[in-house]
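A.B. asks: Please construct the entire structure, taking both the sequences and the accompanying hints into account.
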Amino acid sequence: MRQIIKKTASLIITLFIVSLLAFLAFQIIPGDPTTKILGTSASPEKVAALRTQLGLDRPVWERYIDWLVSFLKGDFGTSYNYMRPVRSLLADKLPVTVLLTVMSFAITAAAAIPLGIVLGSIRNALADHLTMILDQIIMAVPPFFFGIIACYLFGIVLKWFLPGGYVPLSASIPGCLSYLLLPALSLALPRIAMTVRMLRGSIRHELTQNYVLTAQSRGMPLRAILIRHVMRNAMIPVVTFLAVSAAEIMTGTIIIEQVFTIPGIGRLLVSSIGNRDFPVVQAIVVILAAWIMIVNFIADLLNHWMDPRMRSE
Amino acid sequence: MSLLEVENLRVHFHDAAPDRFAVDGVSFSMEEGDILGLVGESGTGKTVTSMCIGGLLPRWKADTQGSIRLDGTEIFDCSQKELNEILGKELTVVFQEPMTSFNPVYRIGRQIGESLYVHRKDLSQSQRNELILDAMRRAGLYEAEEISRRYPHELSGGMLQRAMIAAAIVTNPKLLIADEITTALDVTMQARIIDQLKRLNRESGMSILFISHDMHVVNRLCRQVIVMQRGRIVESGLTKEIFANPQHEYTKRLIAAIPSRYSGR
Amino acid sequence: MRKRIAVLLTSLALSCALGAGPGATAVMAEETKNASSGNAELVVGLSQDLDNSLDPYQITAAGTREVLFNVFEGLVKPDTDGNFVDAVASEHSVSDDGITYTFTLRDGVKFHNGETVSADDVLYSFETCAATTTNTAVAGALSDIQDVTSSGNEITITLKEKNSSFLSTVSSVSIVPADYADQATAPVGTGPFRFESYSPQDKVVFVRNDDYYAGAPALSKVTCRIFEDANALYTSLDAGALDMALHMSLDQVNSLSNGYDVIEGEMNLVQALYLNNGKAPFDDERVRQALCYAIDIDSILELTEDGHGAKLGSSVYPSFTKYFDESLVGAYPYDPAKAAELLDEAGASGLSFTIKVPSNYTPHVDTASVIVEMLSAAGINASIQKVEWSTWLNDVYQGRDFEATVIGFDAAYLSADALLQRWVSTDSSNMINYSNKDYDAAIEKAQHATDDEEQVAAYKEAEKILSDTAANVYIQDLADFVVLNPKFTGYEFYPLYASDFSKIRPV
Amino acid sequence: MKNRYLLTGGILSTLVTSVIVTGYFWTPYSTTAMNAREKMQPPSLSHWFGTDNFGRDVFSRVMQGAGCSFLIAVLVVLIGCFAGVVIGSLCGYFGGTADLILMRICDTITAFPAILLALVIISIAGSSVSNIVLALGILFIPSFARVVRTQYAGIRDLNYIKAARLEGVSVPRILYAHILPNTLPVLVPAMTIGFNNAVLAEASMSFLGIGIQPPMASLGSMLKDSQNYLTSAPWYALGAGFSIVLLILSFSLLSEGIQVSRNE
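In order, the protein sequence lines correspond to chains A, B, C and D.
First residue of the first sequence? That's 32 in the working numbering, and the numbers climb one at a time after it.
First residue of the second sequence? That's 38 in the working numbering, and the numbers climb one at a time after it.
First residue of the third sequence? That's 13 in the working numbering, and the numbers climb one at a time after it.
First residue of the fourth sequence? That's 112 in the working numbering, and the numbers climb one at a time after it.
Worth flagging that the hints you see were computed from the coordinates, not collected in a lab.
All of these numbers come straight from a predicted model, not from anything done at the bench.
Idealized CB from N, CA, C, for every residue including glycine.
What you were told as hints is all true, and nothing was included just to trick you.
Straight-line alpha carbon distances no greater than 27 Å define the calculated BS3-like cross-link-like pairs of lysine-lysine that follow:
no.	chain 1	residue 1	chain 2	residue 2
1	A	Lys190	C	Lys499
2	C	Lys172	A	Lys77
3	C	Lys515	C	Lys233
4	C	Lys215	A	Lys190
5	C	Lys457	C	Lys472
So the derived label-pair ranges between C-beta atoms look like this:
no.	chain 1	residue 1	chain 2	residue 2	range
6	B	Gln117	D	Tyr287	52 to 58 Å
7	B	Asp171	A	Phe47	57 to 63 Å
8	C	Glu103	A	Arg115	39 to 45 Å
9	D	Asp268	A	Asn334	17 to 23 Å
10	D	Ser141	C	Gly342	28 to 34 Å
11	C	Ser339	A	Arg82	43 to 49 Å
12	C	Gly359	D	Tyr287	55 to 61 Å
13	D	Thr128	C	Gly391	34 to 40 Å
Some but not every residue of chain A turned toward chain B, in silico, with C-beta under 7 Å:
no.	residue
14	Asn241
15	Tyr242
16	Thr245
17	Gln247
18	Ser248
19	Arg249
20	Gly250
21	Met251
22	Pro252
23	His260
24	Arg263
25	Pro339
26	Arg340
C.D. replies: Laid out in structure tokens, this is it:
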């Protein structure tokens, strides 16, 4: 229990540091949000007036503290670029990215675990080499390259899916899910390959353990041994890896949302950095960082729960 | 009809040299209630023989000839499904390394009850728990409740081996194969385990095939003994007679190898 | 056990592939299904997100002005030939001395919120525009107004002094309902289309204004999908998810495979290699002229636009026929030897400089790449620095911290002033620090010229000075391609950044 | 068992490296010369990967692009690995507050969206190759640091290290002469995975437009530019894309081969 408190404390500290770094980052990057709002031919007095209105002329520390206080109270400030509260912007866009991440994670788990079990338990040399090569190739394909090719192949040639034709969940559930299937797949593919490789190796290793022989000597059929005994042990390293890849998938959406034109926070982050829209970037950076930290935290907890040997430390 | 009849058993491993047989024509038999010792230096085919009897030798590793009849059924003719009916119910095995024989992620109590889970699906959970605790006490683990909730890495080698024995006797099998079960333990724990086995044999009439390279332990436990060398039986008979005047050179060396403090008795 | 899992896997893979098929296309078809019946719906691709505020006086980005052209109208509005026709006003007249303008309010013109337009709304619009517009040129023109009075449905505007391009300013004052507060997020105007909804980075939807005085447009609904990534827009268009796309590049148009119609026009902007006249080495006129000789405009057009771009010699684009001076186009024929000679003369033979170019405008990046390659062949070492749009605005446009850049300047409203006023030495947006007394005098004369000929002559004189002093290396007005689904027709180009959806109708 | 991976990995990586090395000195066509007549040519004997929208030979640009991506990836891995080893060894070996602070910094770097960090560095110092390498290098330090830290924490208490300490061997020698060699079996695969991720990271940065500046081109920036001509000149995108795949595949197969032969 003490460890959990220590970990949450370090998580919060790191989040503070990340938000501070993001804040300072914007002092360094050239480009002033007022030019985007007032346009190129604005008179200097108008620019100065807007800067004071947005509070940009106050010292950095003061602004950071103000931002922090209001952020903790749940007020993320208003976006310079869209003149709308950041909260409402994120309320539209965060669910899209979360849905994409969840779908991609589900595809990874649903495809990799059965495949890993099958490959782990059969003793066929040819299948081994084949999947090994396939794994290597899939891991070598950059997600956005797969995205481009998928858009071209499925979109333009086969016309199975209309790239750029994102359908919001509110409009039609099947439409939205089937649109997000391909982007989720291009995010999931490399992770499926890695998970299969890891799970197969882990199962192979566990099968050589003595407790499997003991179970056999109890008259337990191979399938029961695999599910009751081997899987529980083989899954321990894989679960941690899957948890970490859930974090990677979320950051991966930044690029995939560009390729498939999905209105999520990834695309919003890229355009907001471009527009020097501090409040939006701050909020997204903290959300992304929080997601990565929490996911790693869950990975540790899962590790402890699944492996009693860890618990006693 | 005797409990176990092994006739002209020959085992050849695929990756071994063509003429090299791990087990080269072994025959012996056991009656109900017998405690038979199978003794010899390591690598003389003792464990391979016991694995064959237990049907645990994977087919793709080695091919086997001869016949093994347990309680009348021919092991080699059994399909995997039929074998699974026997293993854990009629015949159980206890291995050398207690630490690794347990699945690290489950509690001891649950693992002891595994063979009940496989063979006695008719019992309710509470009935099974009763049998488990009873088996643990019979194997010498007296604070059964407390131990059953512990994890394998939280127990000593000796206690784990007792737990393995409990797991083996929970379904009251006819034959228990003990493969070098005392080798990994210190001397005092060895003596306690041996007495435990003797008491179990006396109380439930369960016959034991005890495999070891340690003549002293065999001497204390087994009524009959078979000495094996390079896959063949060189000598067999009552333990007292063999110890009194060993015929075969190899047996003499084995007996001589016992550290002086234990000889005599 | 293995067999069952294998079956599960193949069915999973199949469902992945098929799942994408029927579900997605069915939904998209519905959106464009009823194209043939009366209420045709058009899906347009926009390559830039809309501006932060949709208030007509706060709009800065050309992309936003172009789309909201369908929502807002002034008393008069430009037509496809660049003349001004009556809009909210039914008729207008100018006094002989060019000081008093009288407009008669068209009766029965309704705002999108149903209110009828009144003279007070017009007065309110002129006042608010003068006070709040972010466009300095419009603000400047409006400050010349003596007063605006109304009696019944007659509005009279008297100026302090004659301004021949005042009608263009009137066209840029959109008439809005008085005291309507949230134009920024829910704009209301008098145009052929009514604003319905906008979700950032996703889409903006316009609906037909049924009681539009000049007749309701053929399209019932226009959905503009927003893309930041030009490639994603192109892929979506090619796959048929869009019916129309604006400002496509030639390469994109050439590689379209969906059989859409391609309509060609000009982007109406002045693309040039703009040189920072205030900073060495380009403060020396001879070095600038050397660059003009060292860059072969024809091969740039050939490489970037396959010859489709329109060459130009100064800061006015060709389709603005009234002020375009054809003779300046060939002012600097391609002559690398003369360029080298000028460089030696100026003592800058080993010239090397960087071209900062905004990374999100592919046509400008391509032109810069061609220039760099061409100059290296002539021994001049130029390098490119792609910067983000915000950094370009801040460093180059505002901070003037650059040696050279490639960009295109368009006319915010239809007047030569919008293109040439910028290079007057005192103007706040004189990015290239150009300061030439004769030029300033020529512009002053043009703005206060009494009659048309005099004004055109003065503006042309200013253009000639720009060309003679080689202020910049003028390249082209980029070809502008609009791609339209063959199910629709009727799109027409305007001589300024505007795309009129009301002209589009189903075939 | 004949080690197929070592064989294929070895051949592929030598082939790729030789192509890249020649790319630094010689390419079939100049990678910058443009000529309008040769625009958008399909792959032919003269132009193996066809030509791009400026009439430049795609294969030559891919050779140089691969060289550029390869150089960046190698430098990034070196920075990440060197700094990672230093930080990881200190944390793993000494633990305590140093461990806490350094690990918190590593957590911050991992939690920070990569594109923002890259943008900050590039907008300060401009987007030359060295800045991209610096930006990516920093991003790769945490992964190496964590791997090295767990290794050092594991080996720290082994008897031969205690023995060395008793003999009065200096700490740096213990750290880098005794412990480091034993971390290699884990460090080498981490480096190859790092190499793959570095190539992907550079490609993604170029894809977002903050990577390599024209006329220089990396595989990532070429892939980005080629996306426009997908239907009319698919060979441009396929050429760039598959070169990335080949570059990554060859070295990951090599590392797989090394691993398989090592634990045989």
